[in-house]
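Chain by chain, the residues:
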Amino acid sequence: MGEVIMKNTMILAIESSCDETAAAIIRNGHEIVSNVVASQIESHKRFGGVVPEIASRHHVEQITMVIEEALAQADVKPADLAAVAVTEGPGLVGALLIGINAAKAFAFAHNLPIVGVHHIAGHIYANALVQPMVFPLLALVVSGGHTELVYMKEHGSFEVIGETRDDAAGEAYDKVARVLNLPYPGGPRIDQLAHEGEEAVTFPRVWLEEDSYDFSFSGLKSAVINYKHNMDQRGGEISPTAVAKGFQESVVEVLTAKTLRAARAYQVKQVIAAGGVAANKGLRASLEAVFAKEGIAFFVPPLKLCTDNAAMIGAAATPMYEAGVRGNLMMNGRPGMELKSWV
Amino acid sequence: MIWLGIETANTPLSIAVVRDGKMVAEMMQNIKLTHSAGAMPAIEEVLTRVGLKPSDLDAIAVSEGPGSYTGVRIGVTLAKTLAWTLQKPLVGISSLKVLAANAALYNGFICPIFDARRGNVYTAIYQGMALEAIVEDYHTHIDDLLERLKAFEAPILFVGTDVDIFWEKIGAVLGDVAVRAPFSYDLPHATEVIRLATEVALPSVEATHHFVPQYKRIAEAEANWLKEQKEQAYE
Chain A
1 MGEVIMKNTM ILAIESSCDE TAAAIIRNGH EIVSNVVASQ IESHKRFGGV VPEIASRHHV
61 EQITMVIEEA LAQADVKPAD LAAVAVTEGP GLVGALLIGI NAAKAFAFAH NLPIVGVHHI
121 AGHIYANALV QPMVFPLLAL VVSGGHTELV YMKEHGSFEV IGETRDDAAG EAYDKVARVL
181 NLPYPGGPRI DQLAHEGEEA VTFPRVWLEE DSYDFSFSGL KSAVINYKHN MDQRGGEISP
241 TAVAKGFQES VVEVLTAKTL RAARAYQVKQ VIAAGGVAAN KGLRASLEAV FAKEGIAFFV
301 PPLKLCTDNA AMIGAAATPM YEAGVRGNLM MNGRPGMELK SWV
Chain B
1001 MIWLGIETAN TPLSIAVVRD GKMVAEMMQN IKLTHSAGAM PAIEEVLTRV GLKPSDLDAI
1061 AVSEGPGSYT GVRIGVTLAK TLAWTLQKPL VGISSLKVLA ANAALYNGFI CPIFDARRGN
1121 VYTAIYQGMA LEAIVEDYHT HIDDLLERLK AFEAPILFVG TDVDIFWEKI GAVLGDVAVR
1181 APFSYDLPHA TEVIRLATEV ALPSVEATHH FVPQYKRIAE AEANWLKEQK EQAYE
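Chains as they are written, first to last, in my numbering: chain A, 1 to 343; chain B, 1001 to 1235.
The reader is advised that the hints may include incorrect statements.
[Unchecked claim] Cross-link-like lysine to aspartate or glutamate pairs, in silico, EDC-like; alpha carbons within 20 Å at most:
| id | chain 1 | residue 1 | chain 2 | residue 2 |
| --- | --- | --- | --- | --- |
| 1 | A | 45 | B | 1222 |
| 2 | A | 175 | A | 249 |
| 3 | A | 77 | B | 1056 |
| 4 | A | 77 | B | 1206 |
[Claimed, not checked] A partial selection of chain A residues facing chain B, derived with a Cβ cut-off under 7 Å:
| id | residue |
| --- | --- |
| 5 | 50 |
| 6 | 51 |
| 7 | 60 |
| 8 | 94 |
| 9 | 97 |
| 10 | 98 |
| 11 | 104 |
| 12 | 109 |
| 13 | 112 |
| 14 | 330 |
| 15 | 332 |
[Said to hold, decoys possible] Reference listing, derived: stretches of chain A covered by chain B, where coverage requires no fewer than 3 residues with Cβ under 8 Å from a Cβ of chain B:
| id | region |
| --- | --- |
| 16 | 52-58 |
| 17 | 61-71 |
Calculated directly from the structure, the hints in this document are not laboratory data.
Positions of the beta carbon are idealized from the N, C-alpha and C atoms, including for glycine.
With the rest of the complex left out, here is chain A (with noise of 0.2 Å):
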């Protein structure tokens, strides 16, 4: 018999990219001991949308009560800590220099080193919160900033093989629900309403050349736009819900059949979906259906790991950390920070 080794790294994740101020303990990668996040979202809506400014002032104001929740709800001191975590990138640099000063003071006040994490890996490794990665693995990453195909051969190493030109997929539908008139953030709502309705508006399909992985939502999202101006010029009513549905089936569409061509063409052997759209029940049902027919696992965190949280930075962290990486004092924020292996 082997000897059973007990391993207990715990790390202190910190991320603010965008418009959550978020902190949580993670116990060897994939045990959640506490994951607090303060959302700024109430304060956004006024605007439609996040104002770097206004997210960077409530980041300073939240940021050590939210850490020091995260500590206390896991009854966790500094002392038995392995390392501190943070977003380095991308996100709103504003933003990101918060999480990273904030993770940075911690770390020097308690000698404790510091790991950089990029965004989208956090995404990624929220499902080693829920059940082990299996390699080689795709993970469609698909959020308000980003729509990305990424073919992961092991632990830590990413080739994007496929992302947005244009829009992010969030992006497209926090644009569409603006023209239905939702309230922000537009994207759940869309994905209410297409549920809610029978008809669908046909929207085109984007698919780019035929052997791309890339994506394209632009010019479905300026056909929304010109079927409702044509609408209106007419005096005709649209249906929002049937604006709706259209628009998603699009999006689920062309989401759906590019991740299962890559999915087959890399034969992988789990398939998981991320980001903060990863949550749309249509996505989902639609993911989840083609790859139970394909055969290949298929999971998608719950909602709360799939919106912007601080445990999937420490559950991505954790591996890293293991391996030896690790970033220093001078760390800063990357708001266009690209997607590296670091094996």
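With the hints as your guide, set chain B onto chain A.
For chain B alone, coordinates are given in the frame of chain A:
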């Protein structure tokens, strides 16, 4: 009593340690580098040089604004996180007052200025050793400031590197009563942040969570939104 002082409100970066009312070390630079990358290493370097561990600190003082939004937030985030996690009191001092403190011995009015772009400034008028605020810190257009200063009819010393941007205009409006401080007075010192902090009552460590920058200006999006609300109410 060991203090750490942090000043990152504008381009200059200054970190100081004061022990029992004496400055032990101060770091000062005025280079366009990001405080986000540079401020934390500077704190580490200063503490290392004087042989102190973070836990040796008894209190932290920070320049709380106004100034560059990002600069102020970096200093405040570092100070706030250190103070909270080390359970030591945190004192915030006006960035304008810190700059004016360089000229506290000046026999007249002291006008510190930070550029706030598009002809606007963060400014105040201080006077005397005690740095009494004759005009409180505020955000205004340079023309409005100079109009106000005309009434002072007494020498006014202008301090800060950003004074250069407006010096021609200041001279044109105020003439001889406007005095330009020597360049060595233009940079805010973390030692002054600490000195001014020692003059106020120490807040409780519980208060640290609620510490926020003093921007002296609401965010543009918020200003526009408030304006819209007013217009809608009027309609």
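Structure-based check of all given hints:
| no. | hint | result |
| --- | --- | --- |
| 1 | A:45 x B:1222 | 12 Å, holds |
| 2 | A:175 x A:249 | 16 Å, holds |
| 3 | A:77 x B:1056 | 19 Å, holds |
| 4 | A:77 x B:1206 | 18 Å, holds |
| 5 | 50 | 10 Å, violated |
| 6 | 51 | 4 Å, holds |
| 7 | 60 | 5 Å, holds |
| 8 | 94 | 6 Å, holds |
| 9 | 97 | 5 Å, holds |
| 10 | 98 | 5 Å, holds |
| 11 | 104 | 4 Å, holds |
| 12 | 109 | 5 Å, holds |
| 13 | 112 | 11 Å, violated |
| 14 | 330 | 5 Å, holds |
| 15 | 332 | 4 Å, holds |
| 16 | 52-58 | holds (count 4) |
| 17 | 61-71 | holds (count 6) |
Comparing the model with each earlier hint shows violations of hints 5 and 13; every other hint is respected.
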